[in-house]
Amino acid sequence: MRKFRYEKRTDVSMARKILNPVFFVLLAFLFCALLLGAMGFSPFAVYGKMISTIFSLRGLTRSIEAGLPLMFTGLAVALGYRMNLNNIGADGQYALGAIFCAGFGLYGPPMPAVLKIIVMFAAAMLGGALAACIAAVPRALWNVSETILTMMLNYVFLNVLNYLMYGPWKELNQMVAQTREIDSSLWLPEFGNTGISLALLIAVAIAFLLWFLLKKTTWGYQMEVIRRSPRAAEYAGMSVKKNIISTLCLSGAIAGLAGFAEVNGVLHRVQADLPNNAGYTGIVIAFLAYLNPLSTVLVAFLLGALQISAVAVQITGVPSQVATMIQGSIMLFVIAGEFFIRYRLVKVQKGEAA
Amino acid sequence: MGELILEMKNITKTFGSVIANQDVCLKVYAKEIHALLGENGAGKSTLMNVLTGIYRPDSGQIFCHGKEVSVNSPKDAVDLGIGMVHQHFRLIPTLTVAENISLYTEKKGFLLNPAKMQKRIAECSRSFNLEVDPAAVVWQLSVGEQQRVEIVKLLYHGAEILILDEPSAVLTPQEAQDMFNVLRKMADSGKAVIVISHKMNEVLNNADRITVLKDGRMEDTMVRKDATLDRLTRAVVGKQDYKEHFRTQKNISPDVVFSMEHVCAKNDRNLDELKDISFDIRRGEIFGIAGVAGNGQRELSEVIAGLRPVTSGKIMADGADLTCASARERREKGIALIPEDRLETGLVPDLNFSENIILTRYSSSRYSRKGFLRFDRMRRDAEDYTKEYEIRHGGFDLPVGLMSGGNQQKLLLAREVSGNPKLIVAAYPVRGLDIGAADMIRQILLQQSEKGTSVLFISEELDEIFHMCDRIGVLCDGELMGIRNTSETDVFEIGQMMAGERKNSEKEASSYA
Ligand SMILES: Nc1ncnc2c1ncn2[C@@H]1O[C@H](COP(=O)(O)OP(=O)(O)OP(=O)(O)O)[C@@H](O)[C@H]1O
Ligand SMILES: [Mg+2]
Chain A
1 MRKFRYEKRT DVSMARKILN PVFFVLLAFL FCALLLGAMG FSPFAVYGKM
51 ISTIFSLRGL TRSIEAGLPL MFTGLAVALG YRMNLNNIGA DGQYALGAIF
101 CAGFGLYGPP MPAVLKIIVM FAAAMLGGAL AACIAAVPRA LWNVSETILT
151 MMLNYVFLNV LNYLMYGPWK ELNQMVAQTR EIDSSLWLPE FGNTGISLAL
201 LIAVAIAFLL WFLLKKTTWG YQMEVIRRSP RAAEYAGMSV KKNIISTLCL
251 SGAIAGLAGF AEVNGVLHRV QADLPNNAGY TGIVIAFLAY LNPLSTVLVA
301 FLLGALQISA VAVQITGVPS QVATMIQGSI MLFVIAGEFF IRYRLVKVQK
351 GEAA
Chain B
1 MGELILEMKN ITKTFGSVIA NQDVCLKVYA KEIHALLGEN GAGKSTLMNV
51 LTGIYRPDSG QIFCHGKEVS VNSPKDAVDL GIGMVHQHFR LIPTLTVAEN
101 ISLYTEKKGF LLNPAKMQKR IAECSRSFNL EVDPAAVVWQ LSVGEQQRVE
151 IVKLLYHGAE ILILDEPSAV LTPQEAQDMF NVLRKMADSG KAVIVISHKM
201 NEVLNNADRI TVLKDGRMED TMVRKDATLD RLTRAVVGKQ DYKEHFRTQK
251 NISPDVVFSM EHVCAKNDRN LDELKDISFD IRRGEIFGIA GVAGNGQREL
301 SEVIAGLRPV TSGKIMADGA DLTCASARER REKGIALIPE DRLETGLVPD
351 LNFSENIILT RYSSSRYSRK GFLRFDRMRR DAEDYTKEYE IRHGGFDLPV
401 GLMSGGNQQK LLLAREVSGN PKLIVAAYPV RGLDIGAADM IRQILLQQSE
451 KGTSVLFISE ELDEIFHMCD RIGVLCDGEL MGIRNTSETD VFEIGQMMAG
501 ERKNSEKEAS SYA
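Chains A and B, in that order, are what the protein sequence lines are.
The opening position of the first sequence corresponds to residue 1 in the working numbering, with each subsequent residue numbered one higher.
The opening position of the second sequence corresponds to residue 1 in the working numbering, with each subsequent residue numbered one higher.
With the rest of the complex left out, here is chain B:
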């Protein structure tokens, strides 16, 4: 542990009636990776936004190298050497990596020199062993690559204190480990790193010190050797006993609710992404899709929901051919989708809570009568969801973009589950949720399936898939490598299939037995 670089003292920040931070103190030393833990809405992002000048604290002080500073704008933060990668990346998709990185530099000539710019950025990224192609256009990059760009951006601007808000939420376990290796190197070179995360293991394996926030206050802080899974869980979830829910009861009937036959589809870059996918789902079954993210999961969920056309193949639901049906027709057939990008697709960040809960059902008789919106119903459901799903927010009239990431996810889930769907396509439904909330979501999906709803459960966490699913299909490079009954396979076999190994078909569980 190096010298104390940064100290936050008694930070309080409120938004109207919501107390996001209260008397929070945080010390950050050079050469350490400091993990910040806490429930959804505990105030982690807010605290970091105070540090980077996006919000001004109501009270409290910030000391940098022992000197009191006031950070009034993100630019002040950059000047102090504080840089942050936000929960939702802030890269401009149509610009190149180099353009994105140099967007915020102070000294701008009138004429841009792309070649020189790219060379400098390439040098910078190489010196930290971070591979990025400065000439690539951002929208073409995978999430992991975009993350690297964000980190290079910070380093390029000379950040001494790096803050990453849930950097691993959208990364594969391998990518996450690579990222932590990079962060460790940064720390060793004298920088301080603050990482927000909900993944206990990752924190236990990589952090030097850990601070837990709860309800805006500091709950606990410890060095790694004092931290145990139990202590962390208790600090995050609260005093009550925490128990994970597994698949115990099943209520699977033999009739097929949904099936796909030889489906192919293209991705956004117009390349073939899904190749000859066939599977079916029974009523009340939870069908898991395992696989490293970015292997066609997104396209698969969009094809099912009618947001992406198939190039060949057939999609059936309840005996009806839906291959050419619109997104709306499929919804009416009872197919609900929890998309992986909640803020771009699943929610409208500028609209408020009530307006978002009607998004996929605005024209149903529940929310409209003869074309007129039924505001009383919207309000009542908003209140019900808030209670039932323990959603925390600053009021029904605030844009949902201001809610904490995990609470946005809960809202999205509450909406999709409550339409009485026949099939719920859930793409990474617990991404970004604290362990308590994640378990609650899994429990809700389990309950739904016991009621006879089918679930297509897309995830990259094998533990979770094994705990939840009846059958598992493995997606690799847009192909279904095989389908197994959960009871007849193990993590090892699925892992091999995820890596692209096609297994002999004698164990093939083409339908639930």
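Just chain A, with the same shape it has in the complex:
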């Protein structure tokens, strides 16, 4: 016999949107505590380490650093979904953006540093846009699934990246598969000696810009109409094809900027496997942020914090797999908990038809 049934919520308050995930994060911690206990680790030691890691200046800056590429890929994915386009290829776009950006930085003609930084910025966007464009055109013209296209292109661009890292671009006389550093004049300025560069401001600025464009302009309006009803968009005289191409390319360009942020702001070089699944994590971020650009930045930061704290707990003796498990559980719980933002459980009343 059913005791409960679920009912769609008609209005979702802001408080619920915030408190609901918090509750499920706590639930995930409880779940992991049981597992940790069963495996013979002390949950208190592990969680204590996580908390002390995050709530320190060093932890904070490292969280931002880890969250930085996720901000760009999250924004890229969110933008695509704003028009019902699944950009699964932020990883590949990130990779090509990094290749273009570092390529110019390392092998481009000499020019004043500021100008060169600007060109590298543009090159990263161009690389990302190009990678996305390869999927966008078939999608717009022949309705080929952009999901499959962008995903398959990930393999292409990641392999191109790794080929360069292990081959022609590899730093001489080094074991690691990475390029040499770009000239220090090309490094983005840091805030004090926190290790946080101007790249963070760029991410935040882009988020604000997107939020503004989506809300206030005819361009954002067109996207909204196309997302909700392509047929009505056509009736209104909008070019759905043009918008698909421009949106996917812009999405790719933003993902490509993750490459710029890493190359000029953090690592100052390119490494093999640089994207490190940031594109896929970006999908999770975009959804948890309800495709809102501003929340995307915040969620990306939180996920960055989760990543570094999960790495830090290895000091307490838990193997890295367990750390990954904690990270995965939290994401899983929050995503599953989404359900309760949209639906509520209602007790079945007496006398109700079963």
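A few of these clues could be false.
So, partial list: chain B residues that the calculated Cβ filter (under 7 angstroms) puts toward chain A [what the hints assert, rightly or not]:
(1) Thr323
(2) Ala327
(3) Glu344
(4) Gly371
No lab work stands behind these hints: they were computed from the structure.
We put the CB at the ideal spot given by N, CA and C, even for glycine.
Got chain A; can you put chain B with the ligands on it based on the hints?
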């Protein structure tokens, strides 16, 4: 009249500040067809949605066979034998009829057995004399056929109480009569049928009892023999005198605003639909297209608006060749379209009122400056439209999908008319409107034409066409059977042409004389 099967007592349902139903009582007996009448937004659909568990009433009780029940979900309703065909059909276009019908059945095995499923559905439909092909894919069916599928779906699930929300709005008069014959048979076999409609004659001819809602309250209820057209009209429209508007003044100038020459076009199934269509429209003229729906009307309106390419022929407006112009260019040339499917094409149901009124003019200087939307203007126009067209809705920020069907239509019309178009293509503009609102819309179109706007008026109601139009073209099977001056023809002749008879051309009114 059979036993009392269903009773709704003092049902109240509010949405925020909107009172959709207030203290409504309704009794439904076995073996009867019960008609529900009322203005747009009177709360008819809401009341039925309460009955089928889509909404929960704020207060009130529902009794089924004398026992109090609480219907908390559509599934509960199905279990109680209550089934509903919604105002906008809810079939999945890419699935077959059989798949659509069995979608909601309780006992599902892991493996589907399409052949068995189709056989059972075929049996069910045959036993009620309802012809449907279980293997057909839904998008290929005409609206009338889809309606039958919806009815079979209810019967298949064992519904004892059938509810149909404006079932005849999209049907031809013949199809509507067929449907009522089917419903009569259902009623005779012991079921109860509730039908929502705006068509008085249809109600008077087919219903056993009639209930009228007004502003969410029950206004009147009667058995058929007490019902007259006058009493119903008064209950629906209100106390004030109701007078229909006809074409009286004309302001037609000789210059041609729009013309089509030998236009052919294909339909969605890639078959030839429009065949060699030629006509022209003068400034200030109302040109009617008569014909049974589904004979190329949709394609014709889409071809004019630039939503469908022509395969041959020529389209001209104001002397310019528009044959290859995009939808946008045509809008800029002053061609406005009121499409027949308002929720799929004409409006974006998920967006709110203000966002929908700018749909076809979002980039005009009225609503945008340098690419930025002008929210103040949007808001002001939304308020103006609401007042001017008496649109009822629960607020400017609610999705228009939640507005009542008739009010959606008014919004659509208000938007298309107010862009100062040169030609308004109006496909079934009063479909789903209550008689008051329908007359208001006709009046607006008449006024527009007196101001010099041309109107292409597509309809299947001959009365309406004769009252409104200066010339009438008859469409049958994608061909224009002929064009007549309204003053020189009669319903009989047009009816024959609608049935596919081509008339001798001496009376042909190829252009307005
Ligand atoms: N889900 C909803 N949220 C908010 N308001 C609603 C909702 N559903 C209906 N309404 C409002 O309730 C009122 C009654 O709507 P309803 O759809 O029942 O009218 P109706 O009698 O069926 O009209 P029509 O003949 O135009 O279909 C309308 O003002 C409508 O805007
Ligand atoms: Mg309704």
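Hints and how they fare:
1. This hint is violated: threonine 323(B) has a C-beta 17 angstroms from the nearest C-beta of chain A, more than the 7 angstroms allowed.
2. Interface restraint check for alanine 327(B): the shortest CB-CB distance to chain A comes to about 4 angstroms, inside 7 angstroms, so the restraint holds.
3. Taking 7 angstroms as the C-beta cut-off, the interface hint given for glutamate 344(B) holds, the closest approach to chain A being about 6 angstroms.
4. For glycine 371(B), the interface hint holds, since its Cβ comes within 7 angstroms of a Cβ in chain A; the closest pair sits about 5 angstroms apart.
Comparing the model with each numbered hint stated earlier shows that hint 1 is the single one that does not hold.
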